[in-house]
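For the record, the sequence lines run as chains R and Y. Reading the first sequence from the start, the letters are residues 1 to 172 in my numbering. Reading the second sequence from the start, the letters are residues 1 to 275 in my numbering.
Among these hints, one or two may not hold up.
As the list claims (entries may be wrong) - Keeping only pairs whose Cα atoms sit at most 25 Å apart, straight-line, the calculated DMTMM-like set for lysine to aspartate or glutamate is:
#1 Y:Lys85 - R:Asp58
#2 Y:Lys85 - R:Asp117
#3 Y:Lys10 - Y:Glu162
#4 Y:Lys273 - R:Asp127
#5 Y:Lys189 - R:Asp127
#6 Y:Lys2 - R:Glu23
#7 Y:Lys10 - R:Glu23
#8 Y:Lys273 - R:Glu128
#9 Y:Lys10 - R:Asp58
#10 Y:Lys189 - R:Asp117
As the list claims (entries may be wrong) - Selected chain Y positions facing chain R (Cβ under 7 Å, derived; list incomplete):
#11 Ile5
#12 Ala19
#13 Gly38
#14 Tyr103
The set of hints was computed from the structure by calculation and includes no laboratory data. Ideal placement from N, C-alpha and C gives every residue a C-beta, glycine not left out.
Here are the chains, one letter per residue:
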Amino acid sequence: MTEIVTQQIKLRINREAVSASVEPRTSLADFLREQQMLCGTNIGCEQGVCGACTLLVDGVPTRSCITSAVSCVHADVQSIEGFDDDALMNELRAAFTAEHALQCGYCTPGMLVTARDIVMRLPDADDERVRLELSGNLCRCTGYVGIVRAVRRVLEARRAHQRTPLAEATTA
Amino acid sequence: MKAAIYQYAKPATGESAIALVAASEGMAKFVSGSQSLGPMMNLRLAQPEMLVDLRGIAVLRECRNEGDTTLLGACVTHAEIEDRKFDDGTQGLMPYVARGIAYRAVRNRGTLGGSLAHADPAADWISTMRALDAAFLVAGPHGERTIAARDWMTGAFTTPLEADEILTGVRLRRLSPAARWSYYKFNRKPGEFAEAIAIFLDDAPAGVCRAVVGAIDGPPHLIANARELIDHPDVARLDPHLDAAGLESGSYEYLVHRVALERAAAMIRENRKQL
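Let's have the full structure, built from the sequences with the hints guiding it.
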């Protein structure tokens, strides 16, 4: 039996510097939930398939169930609790509400992080591409229709905003 | 489930990484993105006593155009390849393949070298590197060596890598601007491991016209001269190659691989893409 050894790590979580002692085997998801009391990150399959635990590490979506906390030394971690001032995330949250894009809510934190990545990375995505990009996040309630609509709503709003001439936009 | 207890180190040089694993008497493993090893450890299919993280070794992220060849460091991620963060010299083949690997959250962390060292027969890079005839660059306690693509995979999840050797990168011949390719992957759900892979690569100026049948039980099967399969849309011509790949005639696996090969041949013939 291997001896339990903890390691000291320093990282940033939701823009705050954090220093903690972790076992190497502790996943980033468990670390956030059980040591940082940030329970917005949900754990589903623990094998990287369901997407419920998806959050941002250094600005990109990451599966926190198969990423150890100790491997995130000096990383910038942003969990669902860290998006309150994020304009795009707030648009997505409103769209998820409007389109009934959640029922039980278990997949929602991961869905929102993935949806934000889609809108930022693929501003021209059509429904087919949105569905393809969402294929790594499982939802057992909605049948995905509402989620796809919510992402499309934000994509279309952003495209329309970009098309609006500046003078019109500022006087509107 | 949760992973068994292990220790973790993230050295800054290849030498120290190799020394750590060499000293462990087979109980330590190298890791990079952990997108395959992570799930295996959570399921306790793998229980190494120590992980040596290679992502702190800067040289493993180096990529460069060397003129006739491209060097790709082992620790580049699938997402970086997808986003064309560097000049891979494959005329769009590698970015296309990368986009079909798992999901973006996995691609952001999973690495080229990790996938190749893991050697899952159903993984994309194993078959793609065979089609590109990559040279596998390996470093270990006794120095460096190069392993040819045909020798890389000796069986499912099996490579010639010793436990204390690192795959540092791959070297690829740069494809001609005139090169054509097609890649067809069959899976039931986007992002799953493939049930069948078929690749064609026709680089006439370089005298290369080959195909690969991948996602079979063992290493990917090379069809060294694929010209007649491209030129003649005749399904019967595929069968000898599927037999040679070790597929059992008439089985489900045989049929899905035949469909994949047929579709990949049609795609290169008609200059189409799957996605």
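Evaluation of the provided hints:
1. Y:Lys85 - R:Asp58: Holds, at about 17 Å.
2. Y:Lys85 - R:Asp117: holds (18 Å)
3. Y:Lys10 - Y:Glu162: holds (20 Å)
4. Y:Lys273 - R:Asp127: The given pair, whose Cα atoms are some 19 Å apart, holds under the 25 Å limit.
5. Y:Lys189 - R:Asp127: Holds: Lys189 of chain Y and Asp127 of chain R sit about 17 Å apart, inside 25 Å.
6. Y:Lys2 - R:Glu23: holds (12 Å)
7. Y:Lys10 - R:Glu23: holds (15 Å)
8. Y:Lys273 - R:Glu128: Holds: Lys273 of chain Y and Glu128 of chain R sit about 16 Å apart, inside 25 Å.
9. Y:Lys10 - R:Asp58: Answer holds: Lys10 of chain Y to Asp58 of chain R is near 18 Å, not above 25 Å.
10. Y:Lys189 - R:Asp117: holds (21 Å)
11. Ile5: Ile5 of chain Y check passes; min Cβ-Cβ to chain R is 5 Å, inside 7 Å.
12. Ala19: Hint violated; Ala19 of chain Y Cβ to chain R Cβ min 19 Å, cut 7 Å.
13. Gly38: holds (3 Å)
14. Tyr103: Constraint on Tyr103 of chain Y satisfied, holds at 3 Å.
Of the hints listed earlier, the one the structure fails to meet is number 12.
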